[in-house]
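Engineer: Kindly generate the complete structure, drawing on both the sequences and the hints.
First to last, the sequence lines map onto chains R and D.
If you're matching positions, the first sequence starts at 1075 in the numbering used here and goes up one per residue.
If you're matching positions, the second sequence starts at 1075 in the numbering used here and goes up one per residue.
These are computed hints drawn from the structure, not numbers from a lab.
Heads up, some of the hints might be wrong.
When chains are identical, the list treats them as one kind, so a pair holds in a single copy or across two.
[As the list claims (entries may be wrong)] With a Cα cut of at most 27 Å, we get these calculated DSSO-like pairs of lysine-lysine:
#	residue 1	residue 2
1	1206	1138
2	1089	1206
3	1138	1090
4	1090	1206
5	1392	1089
6	1138	1078
7	1400	1206
Model, not experiment: these values are computed from the prediction.
2 protein chains.
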Amino acid sequence: MILKLSEVGEFGLIKKLAGGCINDIGSVIEGIGDDAAVLRVAEHSQLLVTSDMLVDGVHFIRGKIMPWQLGYKAMAVSLSDIAAMGGKPRHALVSIAIPPAITVEEIEEIYTGMKAILSRWAVNLVGGDTVKSPVLTIDVTMLGEAGDGILRSGARPGDQVLVTGTPGDSAAGLEILLTPGVWSEELLPADRNLLLSAHLTPEPALAQSALLVELGCVTSMIDVSDGLTSEINHICDRSGAGAEIFADQVPLSAPAVRAASLCGKDPLEWALYGGEDYGLLFTVPPHQARRVMKSFARADLGPVTVIGTIKEQSLGQKLVLPSGNKVNLDPAGFNHFKENG
Amino acid sequence: MILKLSEVGEFGLIKKLAGGCINDIGSVIEGIGDDAAVLRVAEHSQLLVTSDMLVDGVHFIRGKIMPWQLGYKAMAVSLSDIAAMGGKPRHALVSIAIPPAITVEEIEEIYTGMKAILSRWAVNLVGGDTVKSPVLTIDVTMLGEAGDGILRSGARPGDQVLVTGTPGDSAAGLEILLTPGVWSEELLPADRNLLLSAHLTPEPALAQSALLVELGCVTSMIDVSDGLTSEINHICDRSGAGAEIFADQVPLSAPAVRAASLCGKDPLEWALYGGEDYGLLFTVPPHQARRVMKSFARADLGPVTVIGTIKEQSLGQKLVLPSGNKVNLDPAGFNHFKENG
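Structural biologist: Written as structure tokens, this is what we have:
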């Protein structure tokens, strides 16, 4: 039987490929299946490593993102994976495939954006590859240090589910870029800037991650790259657990709510299915959530919000609507949670 | 002034981009500019890391290479970079961009090839990314251990220049693939197989590298990915030296010589400008070459041949022809060394 890729999907493909990958098990603490691999490189030293590839026309559209923004974002995505493991980023490698029509100036601008965010986090750019291709493609490999990597797999029933930042902003920014129309001209300039920045130059939650490591109470963590629903699914899958998320507790920014109202979209859908927010979704034992929130406020690290609870696996992954009704949180579709009427 | 990429070339571009890359100098022993970066990850632990990107239509042609060969070769290329540093490969990450028309079986075959060579060298596949793209693109990041990384920069005047294997075989294999014609049907089947294997499933010189590290006499080393001329140029550039290479000492395989004679090409040009051989080009102090050759013979590690001598930088990089005449070894062109008449 010949399977097409569209039939198995990215996660199905990864499952198919993940067998037979480990030939020296003693050096691998965590292989394929988390935000980054966790490797043992010396007696007491753990290394985090992750790769993320961005392709023109798939992950970005040349002309809709400035070259320096593209460089900035390519690095932010990988820095975010290190943040999701509770690690400290140290070194980056960039492989870039360049179409003939691109100017040297444009490539230099991409690297200017990369270097801007790397210098802010004291990360070195130590290597990579530059090749020709018909399609601009950027693959970033990020190396980081981990004390004890925070995995996706430690969530336990009773744990509270929290998220940093305001998910959905990036999807709102993408909406402005792709279907601008009249509605987006009615947006406040400040709203527009905030939402576009959320999409084009997202900030990795490294400071938030460092604080959470210091607090020492996080049981599982992931970054919000594919939307809250997908991330909750990953944590539940790897932890062997279920979850209940409360629709009216998902923190939406006022600019996203205003933008959604202007273009007739549901901002909660942006948060649940949009992705590319690069906040952190994490779980803590119940008595720890308040402590986390106080520490975030004291350190001025932006919003952190309890959005739900980890449950037994048999209860599945549910979205609790304001009416009290529960619907399945399905990472595959984005209208399944709509109530009729 | 708007520069096109073709005007600055790959190495020119890398020079332009290499500034402002290091933000934490204490952790970087060698950054951009060698076969792999050398990083300090713990008190006495050095990490090698390198990325290599292969693009359909640029580095390979789908239909001219079987999927498992492509996977095998993608890994061999990166393993070879670790060999060139005198390191031991440990972990690989693969980012793959997949066009919609490819079947899941074809992707699985690519990974079968990757896993075949990785298991042989006890290397783990620990992560990566799978994305959509119009163009099949594979970026491999390889992590390795180094005692003391062997750099490109240690060659000194008087050192002898050696190469492992028989460079030019891969270019001969490529010739068979791209311009088969009548001549290639006249090739002995064994010649054909050897040359095609050299191109499609090259073997990284890891065993040779390990022996050279053990011998402890190598002053500089690089792998032959772009052709001998280009590699000699890199070693001379980084070492601040010149070189003389003797045309009639470059070891050519009998199959390559026979293939060249059938298709009317010069096998020496294949060796000097073809590339993708993935042997090692290295330098040792003069009294060490014989010891190296004896050790290779004893360990049955294939040919190792003295092809020239390191000179003062002011003498440039020369090819000494059988006539005794010297011509410039120019990495940019491939006819400059031809004698008139």
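Engineer: How do residue 1400 and residue 1206 come out at 27 Å by Cα distance, when the copy is not named: within, between, both, or neither?
Structural biologist: neither (51 Å within a copy, 34 Å between copies)
Engineer: Could you figure out if residue 1392 and residue 1089 sit no more than 27 Å apart (CA to CA) within one copy, between two copies, both or neither?
Structural biologist: within (24 Å within a copy, 53 Å between copies)
Engineer: 27 Å Cα cut-off: does residue 1090 pair with residue 1206 within a copy, between copies, both or neither?
Structural biologist: Classified as between: cross-chain Cα gap 17 Å, same-chain 30 Å, threshold 27 Å.
Engineer: With identical chains treated as interchangeable, where does the CA-CA distance between residue 1138 and residue 1090 reach 27 Å or less: within a copy, between copies, both, or neither?
Structural biologist: between (35 Å within a copy, 25 Å between copies)
Engineer: At most 27 Å between C-alpha atoms: does residue 1206 with residue 1138 qualify within a copy, between copies, both, or neither?
Structural biologist: both (22 Å within a copy, 19 Å between copies)
Engineer: Quick one: residue 1089 to residue 1206, C-alpha cut-off 27 Å, is that within a copy, between copies, both, or neither?
Structural biologist: between (31 Å within a copy, 17 Å between copies)
Engineer: As a check of your reading, is residue 1138 near residue 1078 (CA-CA no more than 27 Å) within one copy, between copies, both or neither?
Structural biologist: This pair counts as between: shortest inter-copy Cα distance 22 Å, intra-copy 30 Å.
When held up to the earlier numbered hints, the structure conflicts with hint 7 and nothing else.
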